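Peer 1: So the chains spell out like this:
2 protein chains.
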Amino acid sequence: MKFKVKDLDIASGGILVIVINQDDALALGLHHGDRVGVVYKKRHAHAIVDIAESKKSVPIGSIGLFEEVLDYLGCKKGSSVNIILEPKPKSIKLIREKLEGRRLNYEELKEIMTDLVKGKLSPVELTYFVAASAMRGLDEKETVDLTRAMIETGDTLEFPGEIVLDKHCTGGVAGNRTTPLVVPIIAAAGLKIPKTSSRAITSPAGTADTMEVLAPVIHTKEKMQAMVNKVGGCIVWGGAINLAPADDKIIQVESPLSIDAEGQLLASILAKKGSVGSTHVLIDIPLGKQTKITSKKKAKHLASLFRRIGKKLGMHIEVILTDGDQPIGNGIGPALEAKDILKVLQRSDTRPLDLEEKSISMAGKMLEMAKVTNNGKKLAQQILDDGRALKKFQEIIKAQGGNSKIHSSEIKVGKYTYVYKSPKTGKILDLNNRSVSHIAKLAGAPHDLGAGMYLHVHEGDRIKKGESVLTIHADNKEKLTFAKKELFASKAVTFK
Amino acid sequence: MKFKVKDLDIASGGILVIVINQDDALALGLHHGDRVGVVYKKRHAHAIVDIAESKKSVPIGSIGLFEEVLDYLGCKKGSSVNIILEPKPKSIKLIREKLEGRRLNYEELKEIMTDLVKGKLSPVELTYFVAASAMRGLDEKETVDLTRAMIETGDTLEFPGEIVLDKHCTGGVAGNRTTPLVVPIIAAAGLKIPKTSSRAITSPAGTADTMEVLAPVIHTKEKMQAMVNKVGGCIVWGGAINLAPADDKIIQVESPLSIDAEGQLLASILAKKGSVGSTHVLIDIPLGKQTKITSKKKAKHLASLFRRIGKKLGMHIEVILTDGDQPIGNGIGPALEAKDILKVLQRSDTRPLDLEEKSISMAGKMLEMAKVTNNGKKLAQQILDDGRALKKFQEIIKAQGGNSKIHSSEIKVGKYTYVYKSPKTGKILDLNNRSVSHIAKLAGAPHDLGAGMYLHVHEGDRIKKGESVLTIHADNKEKLTFAKKELFASKAVTFK
Chain A
1 MKFKVKDLDI
11 ASGGILVIVI
21 NQDDALALGL
31 HHGDRVGVVY
41 KKRHAHAIVD
51 IAESKKSVPI
61 GSIGLFEEVL
71 DYLGCKKGSS
81 VNIILEPKPK
91 SIKLIREKLE
101 GRRLNYEELK
111 EIMTDLVKGK
121 LSPVELTYFV
131 AASAMRGLDE
141 KETVDLTRAM
151 IETGDTLEFP
161 GEIVLDKHCT
171 GGVAGNRTTP
181 LVVPIIAAAG
191 LKIPKTSSRA
201 ITSPAGTADT
211 MEVLAPVIHT
221 KEKMQAMVNK
231 VGGCIVWGGA
241 INLAPADDKI
251 IQVESPLSID
261 AEGQLLASIL
271 AKKGSVGSTH
281 VLIDIPLGKQ
291 TKITSKKKAK
301 HLASLFRRIG
311 KKLGMHIEVI
321 LTDGDQPIGN
331 GIGPALEAKD
341 ILKVLQRSDT
351 RPLDLEEKSI
361 SMAGKMLEMA
371 KVTNNGKKLA
381 QQILDDGRAL
391 KKFQEIIKAQ
401 GGNSKIHSSE
411 IKVGKYTYVY
421 KSPKTGKILD
431 LNNRSVSHIA
441 KLAGAPHDLG
451 AGMYLHVHEG
461 DRIKKGESVL
471 TIHADNKEKL
481 TFAKKELFAS
491 KAVTFK
Chain B
1 MKFKVKDLDI
11 ASGGILVIVI
21 NQDDALALGL
31 HHGDRVGVVY
41 KKRHAHAIVD
51 IAESKKSVPI
61 GSIGLFEEVL
71 DYLGCKKGSS
81 VNIILEPKPK
91 SIKLIREKLE
101 GRRLNYEELK
111 EIMTDLVKGK
121 LSPVELTYFV
131 AASAMRGLDE
141 KETVDLTRAM
151 IETGDTLEFP
161 GEIVLDKHCT
171 GGVAGNRTTP
181 LVVPIIAAAG
191 LKIPKTSSRA
201 ITSPAGTADT
211 MEVLAPVIHT
221 KEKMQAMVNK
231 VGGCIVWGGA
241 INLAPADDKI
251 IQVESPLSID
261 AEGQLLASIL
271 AKKGSVGSTH
281 VLIDIPLGKQ
291 TKITSKKKAK
301 HLASLFRRIG
311 KKLGMHIEVI
321 LTDGDQPIGN
331 GIGPALEAKD
341 ILKVLQRSDT
351 RPLDLEEKSI
361 SMAGKMLEMA
371 KVTNNGKKLA
381 QQILDDGRAL
391 KKFQEIIKAQ
401 GGNSKIHSSE
411 IKVGKYTYVY
421 KSPKTGKILD
431 LNNRSVSHIA
441 KLAGAPHDLG
451 AGMYLHVHEG
461 DRIKKGESVL
471 TIHADNKEKL
481 TFAKKELFAS
491 KAVTFK
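So the protein sequences, as listed, match chains A and B.
Per my numbering, residue 1 is the first one in the first sequence, and the count goes up by one each step.
Per my numbering, residue 1 is the first one in the second sequence, and the count goes up by one each step.
Check each hint, because a few of them may be wrong.
Pairs count within a copy or across copies, as identical chains cannot be separated in the list.
[Said to hold, decoys possible] Once the Cα atoms are required to be at most 16 Å apart in a straight line, the calculated EDC-like pairs of lysine to aspartate or glutamate come out as:
(1) Lys93 with Asp260
(2) Lys56 with Asp7
(3) Lys2 with Asp24
(4) Lys289 with Glu222
(5) Lys378 with Glu357
(6) Lys76 with Glu53
(7) Lys465 with Asp71
(8) Lys55 with Asp7
Note that these hints are calculated values from the structure, not bench results.
Only a predicted model underlies this, so the values are computations on that prediction, with no experimental measurement involved.
With the hints as extra help, turn the sequences into a complete structure.
Peer 2: In structure tokens form, the structure reads like this:
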């Protein structure tokens, strides 16, 4: 049945939604939430139905399209599209069987991922798959098969015959922006490192947010492949590229309940790595009171799973357990972190040594994995000290379209500041990751790029009464006040 | 933050959705799918955020409201509403714990149902609860507690000190429209029977669709209470009344995967019964190749659960297992079934005796449960034979606003017909419930009230070549052709 397109100018944020008049719905026997096919020229979208209750928003014979559908079909206002009724996808039956406890094989998981990526599964249907995978568990074979299926249903980068390095951190430590240091060191050593990073979801900054202070991070897959071919590395936002797109959809339904079941967690991380062609991956699991993984036993268990599953996927994976008890680096928030990064690369006297040390140690481990050297730390330190890392970083910034000559002192940070001074002479007993992040967010991070916090001290440091503990930065007075209020209400800093 | 209301004139079908401009979303730090509170005067809605990508559909400072939100808040175009950021409801944590396998107590289940009814849970969050309840199971205490919570979070009818009867059929048998016969018999015996029924979801007619041929079925709770107080019974559409509204929302997320886990099934049925004040309930479990429950063992297990859980809820429940191998009655489709009902009540010579017998047997059992008589079938047959049932049904039709004097011959059925004649002399071996329903739906039922099928024979009947087997009724030629085509493609009728 033919319909005339109306551009509703509304986005759902992911799922494809169409709106038809209630008279047309009745005639077609369609209900709210039903699934239909919408065909325009050779494009075929699978969409969910909403219903217009009068002729005002969507007249009879018209179809209102959400932005995602317009983009997907490549049609516009006034185009003529066909609505066709669609049977339930086969994968519904497979999801039901997984709910009932059956193990799924590769072909079956591929079927589910294919339907998911094509938009044939509604969020509710996908949620059943995620819930079933969490409660029934994914065994090692299922995890490997799911990872493969997630990689194969998206775009991939190809570096035939080359060593491709990657890193991942399970998260929970404020600051801790090692990627923009590790990537140029590895690339300067002549290896490939096509890095995709995420934006902040619940934290004051993601690596993509920090990198965006220095250069655009939204690039096509083709651009990413070309940049890495040319300069060896990049740091781009993964969300802009169709790498393992099933993973993004799964994360969307996991996040409301903070589901992070083991099998899904492994598949999610390794699908992203596999889709950029990684052959060697270093996983950093910070252990601390407020990190994502808090128990050493759990971390060791995960580490051995990572190694085994990586092997089956043809990836050499190593895992390091690191200290995640306090923030790493001084800056927290996109611009403040970018400043830290440049200070390290530009060898500033006020650079954060803890961040430098952790990055050297990780890059060193990766250089050893790639069999470039037997003493990775030493080589990484050399590459940093002799300016090769800075030069490589400048090449990467330039390739991504940023200002490669920027100096750390030129990074703009929030001009409204509050310096918190020590109320006593003594020692810094504790810097609370979660409180510190919360305060930085109240100050405006990551939305206000210059907002956040600068830590003048770390745990264990001796401090005199009246000396600076931390500085809050904000773009406006109100947010500074919010953040300041939270600082005094929270236990961000504990003195002894 | 204040926003000016724009009426989007779109309905989601249940969940509350608002749309704001992307600039406002950025300023408020809101993302697609986030939850916000929308306050208008003293009403407070919990809604999900969609984002408008330009100023055309929703300008900065405006808020586009879906129909459900407008209705809930009672505001209109140009009204000023407040958006407030809302924390995650507490029940999210409880749902997570249920996913992890913990048993929930009454207070916890009540919290989840309360949030659900208030619109604080998104479909994805609710799906995790349903999946967890299905996979971890609900034990008897949880089932009782969930049922209570579902009843208490909706409206209820009250008949203090009285016996209130109800019936339920687990379904899967075409025709089988016993309710419009059982209700007047029970009410004519002086008992209360406040019956709510559903519309067809996947079948060619629900009891509410059939009753609607004779009288309006959409009434308020107050009207329902008043009707039952006055004439003893009613047959109304449950969807129009706020009885156990949590159940409707749960069913919406169960249906995509046809989830029907035991605990949820029991709670769903008994919450609806409890909310109308039922004290005695008869459950009909038809057993057949295509009924909802196909195994006798499963049926007996369910029967004992129904009895035990009913007892804990203060309801006397009895369960009968009936023959569900073939359709019951002659008509299939709203008007054709309504005609059957009137024929039985008006003692027509061509009335469907199988439907009469089943209804008498059920009503009889219910009269015995209520301790009105020791021989329920005899009393039910008397009430039907002497015209008391017809008189009571006319009172009910009148109370609901229909034409109480209508005769079965006045019911309009689809004027385009096809009479299927027996291709051979022999015996009717099988009438397939599922095929028969499918053909009736293709003919236009339940949307076209007069569409459907009339069965001239039943299983076991001897038939001569050329005699009528069934007649398809439709409102237009095209649908008749569809139905006829399916009749010959399917195995609706098997001869021996």
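Peer 1: It remains to establish, for every hint, whether it holds in the given structure.
Peer 2: Hints versus structure:
1. Proximity of Lys93 to Asp260 under the C-alpha cut-off of 16 Å is restricted to the inter-copy arrangement: shortest distance 14 Å between copies versus 24 Å within a copy.
2. With identical chains, the CA atoms of Lys56 and Asp7 are at most 16 Å apart both within one copy (13 Å) and between copies (10 Å).
3. With identical chains, the CA atoms of Lys2 and Asp24 are at most 16 Å apart within one copy only, with a shortest distance of 11 Å there and 36 Å across copies.
4. Taking CA atoms no more than 16 Å apart as the test, Lys289 paired with Glu222 passes in neither setting, with 41 Å inside one copy and 56 Å between copies.
5. For the identical chains of this complex, Lys378 and Glu357 are intra-copy neighbours only, at 11 Å inside a copy versus 92 Å across copies, given an alpha-carbon limit of 16 Å.
6. In this homomeric assembly, Lys76 and Glu53 come within 16 Å of each other (Cα to Cα) only across copies, at 15 Å, whereas the closest approach inside a single copy is 23 Å.
7. In the homo-oligomer, the alpha carbons of Lys465 and Asp71 never lie at most 16 Å apart, since the shortest distance is 59 Å inside one protomer and 60 Å across protomers.
8. Taking identical chains as interchangeable, the C-alpha atoms of Lys55 and Asp7 lie at most 16 Å apart whether they share a chain (15 Å) or sit on different chains (13 Å).
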